[in-house]
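Chain by chain, the residues run as shown.
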Amino acid sequence: MSILSNKSEKIFIYLFFAIGLFIPLFLEGNTFFINKFSTIIILAIFVMSLDYLVGRTGLITLGHAMFYGLGGYIFTILAPEYEAVNFWVYTFYVMLISGFIALIVGLIVLRTSGIYMIMITLALAQMSFYFFADSIEYGGQDGLFVYIKPETSIFGLNFLDLENETHFYYLCLLSLFNCFVFFKIIMNSSFGRVIDALKENPDRATALGYNIFHFRLIAYVLASSLAAYAGYLFALQFGFVNPSMMSWDVSATALVMALLGGLGTIYGAIIGSFVYEGLHYFIEHLTEYWMFFMGALIIALVLTLKNGMAGFLNTLSGGKRS
Amino acid sequence: MSQTILEAENLCKFWGGLKALNELNIQFKDKQLHSIVGPNGAGKSTLLNTLCGAYPATSGVILYHGKPITHLKGYEFCREGIGRSFQKTNIFHNATCLENCCIAAQQRIGGNFNLFRKRSKNRQITEIARKALQQVGLTARADTRATEVSYGEQRQLEIAMVLATAPKVLLLDEPMAGMGHEESQTIISLLKELKQQYCIVLVEHDMDAVFELSDLMTVMVDGQHLITDTVDNIRNNPLVQDAYLGNDDEVF
Amino acid sequence: MDTSLFLVQLLNGVQYGLLLFLIASGLTLVFGVMGILNLAHGSMYMIGAYLAYYFTTLTDSFLLAFIISGSIALVIGIIIERFLIIHLYKRDHLDQVLLTVGLIFIFNATQSFVWGNDPLGIEVPELLSGSIRLTDIVEYPVYRLFISLLCLLVAATMYFTINKTRLGMMIRAGESDRAMVENLGVDISKLFTIVFAIGVFLASLAGIVSAPIVSLVPGMGEHVLISCFVVVVIGGLGSIKGAFIAALIVGIADTYASVLLPQISSMSIYLLMALILLVKPQGLFKN
Amino acid sequence: MQNILEVHGLQTLYGESHILHGVSFDIKSGETVSIMGRNGMGKSTTLKSILGIAPPRSGSVIYKGEDITRLPTWKRMRRDIAYVPEGRGMFHNLTVKEHLQMAARKNSRGEANWTYDQVLDVFPRLTERLVNKGTQLSGGEQQMLAIGRALLTNPDLLILDEATEGLAPLIRKEIWQVIRQIKDSGVSTVIVDKNIKVLNELCEKHILIVKGKVMFQGDSRSLDDNKEFIEQSLAV
Amino acid sequence: ADSDPIKVGVMLPFSGVYAGLGESTRNGLKQAIKEQGNNIAGRPVEFIEMDTEAKPARAPEITSSLVDNQQADFVIGPVHSGVAMGMIKSIKGKDSIMIIPNAGANAATGAFCQPNVFRTSFSSWQTAFPMGKEAYDMGYKKIVTMSWNYGFGKESLEAFNESFTKAGGEVIKEMLVPFPKTEFQSYLTEIASINPDAVFVFFAGGGAVKFVKDYDAMGLKGKIPLLGSGFLTEGTTTAQGPAAEEVITTLHYADALDIPKNKHFRQDYETLYGKPADLFAVQGYDAGQLIAQAVTATQGNTSDKAALIEQMEQLEIDSPRGAFHFSKSHNPIQTIYLRKVVDGQNTVVKVAHENLEDPARGCRL
Ligand SMILES: Nc1ncnc2c1ncn2[C@@H]1O[C@H](COP(=O)(O)OP(=O)(O)OP(=O)(O)O)[C@@H](O)[C@H]1O
Ligand SMILES: Nc1ncnc2c1ncn2[C@@H]1O[C@H](COP(=O)(O)OP(=O)(O)OP(=O)(O)O)[C@@H](O)[C@H]1O
Ligand SMILES: [Mg+2]
Ligand SMILES: [Mg+2]
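Protein chains in written order, with this note's numbering: chain U, 1015 to 1336; chain Z, 5 to 256; chain D, 22 to 308; chain R, 494 to 729; chain X, 2 to 366.
Excised from the complex, chain U in its bound form (with noise of 0.2 Å):
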């Protein structure tokens, strides 16, 4: 594929979807390990949004969980509760609802750059965790249910069971190909071109007469939107959504994920979100006091890559630091 820009991403890109194809045949059975690698997935598609914006747009978000939050309760809040609803009709309702809701907020928070930025969509995240928790109609601090999974018909044909765990596994794996896929090709597109220019020099591009708000409010709602997609994925894997989802932890957590994985390599966000997830899963199941430890390697993980994990391996494969 010659949209994979350097060779570890190659290797990487190559090993894991080719296990990921595999890895359930070994797991025969065991839902929970199918169901964890599911969850895993569906932040990494969240991550990968999130790292679009922050590692290749430059617009750096502390909100982003709000779209998340908001793909699981937009689906919840428009099913109908006791009748199957098509997959990939309301995948096309969660995308152009949030993507909506988007470009409102995206009007809001591109006025202000940097830390303010960070603040303000903090604060608007904050507002909408604030607007379901306190809610009745919408659960409060308890959250909604999701009675009837999706069924996902395409013209009739039926191939995929949202209750079966391996099923909804292989959807949850081909979104992240889609996902990612999707990130690259923007990313090599005349489009990506304008973004890495205002990304690297926004007053520069202003003066080559691009409109850079247009470029960064249409980046916004893109990985926004994806976010919430991640949303939606994760409200149908347990069908329940909370406020909490939406939380600013949630989003600092996918931003340490991003970091970790390598902050603008897109597939750094799959290595970051495995990487977490994975030392969150067994040192936990260590010791109770599992934050001292995980704390402590995070830190050692800050100090020695310099461009997270995704650096970490273009150096082992010899590539040059970019």
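Honestly, the hints are just simulated from the structure, not real lab data. Be aware that one or more of the hints could be misleading.
[Stated by the list, open to error] Each computed PhoX-like pair below joins lysine-lysine, with the alpha-carbon atoms no more than 20 Å apart:
hint, chain 1, residue 1, chain 2, residue 2
1, D, Lys185, D, Lys111
2, U, Lys1163, X, Lys95
3, U, Lys1024, Z, Lys122
4, R, Lys626, D, Lys262
5, D, Lys185, R, Lys590
6, R, Lys557, R, Lys568
7, X, Lys95, X, Lys8
8, D, Lys111, U, Lys1320
9, Z, Lys125, U, Lys1198
10, R, Lys590, Z, Lys92
11, X, Lys306, X, Lys95
12, R, Lys626, D, Lys307
13, R, Lys568, D, Lys211
14, Z, Lys122, U, Lys1198
15, U, Lys1163, X, Lys222
16, X, Lys276, X, Lys35
17, Z, Lys135, Z, Lys196
18, D, Lys307, D, Lys185
19, X, Lys90, U, Lys1163
20, D, Lys185, R, Lys568
[To be verified] Non-contacting residues of chain D with respect to chain R, defined by C-beta distances greater than 10 Å in every case (computed):
hint, residue
21, Ser82
22, Asp113
23, Leu115
24, Asn204
25, Ile285
All residues carry an ideal CB built from backbone N, CA and C; glycine is no exception.
For this one, chain U is given, so just place chains Z, D, R and X with the ligands on it according to the hints.
Only chains Z, D, R and X with the ligands this time, still in chain U's reference frame:
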């Protein structure tokens, strides 16, 4: 006489109490190199920045082909054909020289909102970019990252980027600053060529270059227009000598 | 609302605002002035409070606890800067986020390990335990007024030091261009260590003096963290005056919102921040 | 006369790229020295190596008889060296006045030959801009501020890297006057500038750097003697 | 086989704000199992502990881990109502039995009640409902109520309101404080200006400590009596100090409850863990007792869950709070006490309501 392309009428730019541009009137003509000189802080860079839309004017009008364009947004000036280079090198350091020019050219050719077409597939853009690089003599450096080329070459790149936007007016802010003798000569001959086609506004403290290149010169002092005239008249004008040149030779 | 009630609420708002400033003051210094994004600021507030608890119970003297805890905080600050933060100055600001998130984990685990998870509290020191009668029903605790006074003192000292002294100028210059400050013959790394340690100290100071009037619970640090960021950002990065005024605005707004607009009171400070940033995208007093 | 600065065999690298290949020279007390060379030949790097900003891999820097090669930059500066870097090094969050106040200090002997007022006398333009932030100044004003700030540290050795870049002719002349003044007060000066004619006039000693090597060292007379070679090296 | 361990998943918060509660609950649970010699009907007991971090979003995943991966027979948890809802969702229709040792959300044994979900603690409604009538009987006609704006708090206020209004009182103002805000000054000033006969509040943990201290420091305590749901003074009186004296609350337990079972329990707990027991320990203990008695009744057979559930429904648990059994909706039918803090202890003033059963609104079991 060639026709006036760009002009400023009663242009003012205030920074708080400071009048960086004070009721300035000035015309720039097509296919001429018009240089602007003046002491430090006279408002030359401010003038260029206002003319290219980077700073909104406090008051006054900018006319382009006789039409007022003062109300336009910053990024629209470039689309109208007003290109500018910066006093402090202002390029995309991590991109190659070619890519730098591509970014400039793409704005004109379009496809900016094409999310899916591979950027390198657009030959037209690449061609324009190459031509711009060739004009400033940077063809050999096309695939080198901009950080890795020397300071002088970065200045050349700066100009190539402006050319790639196909401007009608070129606003150049101290393109020779920090350049060695040889590089300066390259730029001077480049500008000589360019002024056959474009209207060029040049701000520069290198008097040798200015005297050699200018068709017209304007002297600014404290945000105000002091005089506009030909090189010879300016050189010998006692007012100018007092305010800017100093009356003896630089070697003392 | 009658006038006396209105005034008491105003006093509440101002007093809360001042406390917010005290908690945020270290952040203003480290984040606003030095440009280091220390997410573990809240954790230092927490550690300060717990240290105060520990030493008050141990020595039976709040004053002694105050001194010991403050010194420990300074040492912690020096250690963090010398061994961790120092490696990140040349790196992206976001790496500091990563590092300090790690620190939050460590501090939280330590707190839970050392002091357990039950809510703890200490008594207001004898000397300051009285109240002042305001209306026939409301009394105002002297200790809260004492805290307000302390906040004012910290605010004034910081404002003066940062804006009027050479030291303050050097610190600000260091945020702008570290290497250049060194070129002027200033030992910038020592300076940064000191300033960072003072930032940590101020966070702990806020924790220490709050200990008698708040409950000590795990995670208490994260709750204050966002409010602190709100204050610093509304005020405009790098501006002590801005942070001070922002803290008062937030304190007063929060106070009145909670009684007058309870429906939106949970969002009030965020709404306030969003509105202010829309009108002034650089905060109120960006230099 | 005593040497204030001796530089022996500096080898300096930026990452992989080897920039200085054994630069050596010395400067006598009170001497004014020019360093010449085309763009990218390593003039600035030489200065940075002397100051510890780009620490040399090998070689040594002896200042007033003391080996300072391993000292951190700020400690070298404390021994009364002042530096005006390329790019001026303005602080975006300090006003002009604060730039001067924060830098001002007595030299190691406790003398203060330069005062705030004296600097403003030399650069009256700055007087009008005292409350502006450093980065709001025009290019030339920034340059004046950078020099003024350096003078206020009351140095024995002043190092100027392209200090007249972007200055108007008249101001340029003033700067040269100031440097002459500084020179007369016994301060040693190292100047990197492209204005060869003035350097020839002003400096007792000239150093030509080509591709990280010292290709010529000598006084103004020997400069004239080697005119052709020099002009060729400088592409004049 | 019959000697395989009985798997008990423990899903409690061991970090974050609720960590203290999680710890007590676990201690109580283990104490009950230890009393059986760690062996029920010939089968050892294996605990699998998971930290919920009190994050609802993580609840389904962890539940799935216990239920699907570890095939736990019982899942004990959680403390936090939001987490409970996520857990119930994932345990619905599964082959494990969930025992809630704290989370009081009415819906858990109300609208969302499940055959395989039991609760050994209380419903929010139960802890506050009796106080309404008691307050009126104490002579308070106009009351201000206040709580954090979240499920537990709001449900408590509603239950109080229900019985207080029925008795003839009037709630003149309801104040909801954003969770987890603990800056109460402005609310207290407001209360002072309204000057009601009494104040009824719901706060718990750190918030409760802060509230009671602030209430006292503002000089309100002597003038406007403070009533509350029992959590106001549960496990917090030490931190509250003298400020907690005289505060009146209702709850299904009191540390100083004078019955032999409670004395024994507390003594054993103190020797085991070196600190006094609290309500959460009691609830965990009862969850343990529930498991022990049910599994004993089925002679160690845990594979037939329907039978196990049937046993559980009939059991009477000899709790330190006094004996209780389960309602149709699997919530305890239990006695609620009126308590008052004296010398830093919650002492029982009287029984507020004997064998109170939660109305279990919306439950179709
Ligand atoms: N952003 C700003 N805020 C406040 N004052 C400014 C700002 N930009 C420029 N100025 C002031 O406006 C005046 C004119 O500046 P300008 O940069 O136009 O000068 P110039 O003629 O280009 O000088 P030079 O030849 O030194 O580059 C200067 O006194 C400068 O300090
Ligand atoms: N930070 C750096 N990293 C890598 N290479 C560098 C760096 N700084 C300078 N160089 C390279 O080192 C060489 C010498 O640079 P230096 O700045 O010393 O040149 P100079 O003689 O001062 O030139 P000029 O007249 O343009 O200022 C140049 O080729 C330059 O590209
Ligand atoms: Mg200029
Ligand atoms: Mg140089």
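Checked hints:
1. In summary, the hint linking D:Lys185 to D:Lys111 is not supported, as the alpha carbons are separated by about 28 Å, beyond the 20 Å threshold.
2. Taken as a hint, the U:Lys1163 and X:Lys95 pair is honoured in the structure, with Cα atoms around 17 Å apart against an allowance of 20 Å.
3. Proposed proximity of U:Lys1024 and Z:Lys122 is supported: the alpha carbons are some 19 Å apart, at most 20 Å.
4. Simply put, R:Lys626 and D:Lys262 have alpha-carbon atoms about 18 Å apart, close enough for the 20 Å limit, and the pair holds.
5. For the hint pairing D:Lys185 with R:Lys590, the CA-to-CA distance comes to about 11 Å; that is within 20 Å, so the pair holds.
6. The suggested pairing of R:Lys557 with R:Lys568 holds, with an alpha-carbon distance near 14 Å, which does not exceed 20 Å.
7. As the CA atoms of X:Lys95 and X:Lys8 are separated by approximately 15 Å, the hinted pair is consistent with the 20 Å bound.
8. Restraint check for D:Lys111 and U:Lys1320: the C-alpha separation of about 11 Å stays at or below 20 Å, so the hint holds.
9. Between the alpha carbons of Z:Lys125 and U:Lys1198 the distance comes to roughly 15 Å, so the proposed pair stays at or under 20 Å and holds.
10. The straight-line distance between the Cα atoms of R:Lys590 and Z:Lys92 is roughly 24 Å, outside the 20 Å bound, and the hint therefore fails.
11. With a CA separation close to 10 Å, the supplied pair X:Lys306 and X:Lys95 stays within the 20 Å bound.
12. For the hint linking R:Lys626 to D:Lys307, the alpha-carbon distance of about 12 Å falls within 20 Å, and the restraint holds.
13. A hinted pair counts as satisfied when its Cα atoms are at most 20 Å apart, and R:Lys568 with D:Lys211 qualifies at roughly 12 Å.
14. For the hint linking Z:Lys122 to U:Lys1198, the alpha-carbon distance of about 10 Å falls within 20 Å, and the restraint holds.
15. With a CA separation close to 53 Å, the supplied pair U:Lys1163 and X:Lys222 exceeds the 20 Å bound.
16. For the suggested pair X:Lys276 and X:Lys35, the alpha carbons sit about 17 Å apart, so the restraint of at most 20 Å is met.
17. At roughly 17 Å between alpha-carbon atoms, Z:Lys135 and Z:Lys196 fall within 20 Å of each other, so this suggested pair holds.
18. In summary, the hint linking D:Lys307 to D:Lys185 is supported, as the alpha carbons are separated by about 17 Å, within the 20 Å threshold.
19. Taken as a hint, the X:Lys90 and U:Lys1163 pair is honoured in the structure, with Cα atoms around 13 Å apart against an allowance of 20 Å.
20. For a cut-off of 20 Å, the pair hint linking D:Lys185 to R:Lys568 is broken: about 25 Å separates their Cα positions.
21. Against chain R, the non-interface label of D:Ser82 holds: every CB pair exceeds 10 Å, the least being about 41 Å.
22. Residue placement check: D:Asp113 keeps its beta carbon more than 10 Å from all beta carbons of chain R (closest about 19 Å).
23. Every C-beta of chain R lies more than 10 Å from that of D:Leu115, the closest at about 21 Å, which supports listing it as non-interface.
24. Interface exclusion of D:Asn204 from chain R breaks down, the closest Cβ pair being 5 Å apart, not more than 10 Å.
25. Residue-level check passed: D:Ile285 sits 36 Å from the nearest beta carbon of chain R, beyond 10 Å.
Hint compliance for this structure: hints 1, 10, 15, 20 and 24 are not met, and every other hint is.
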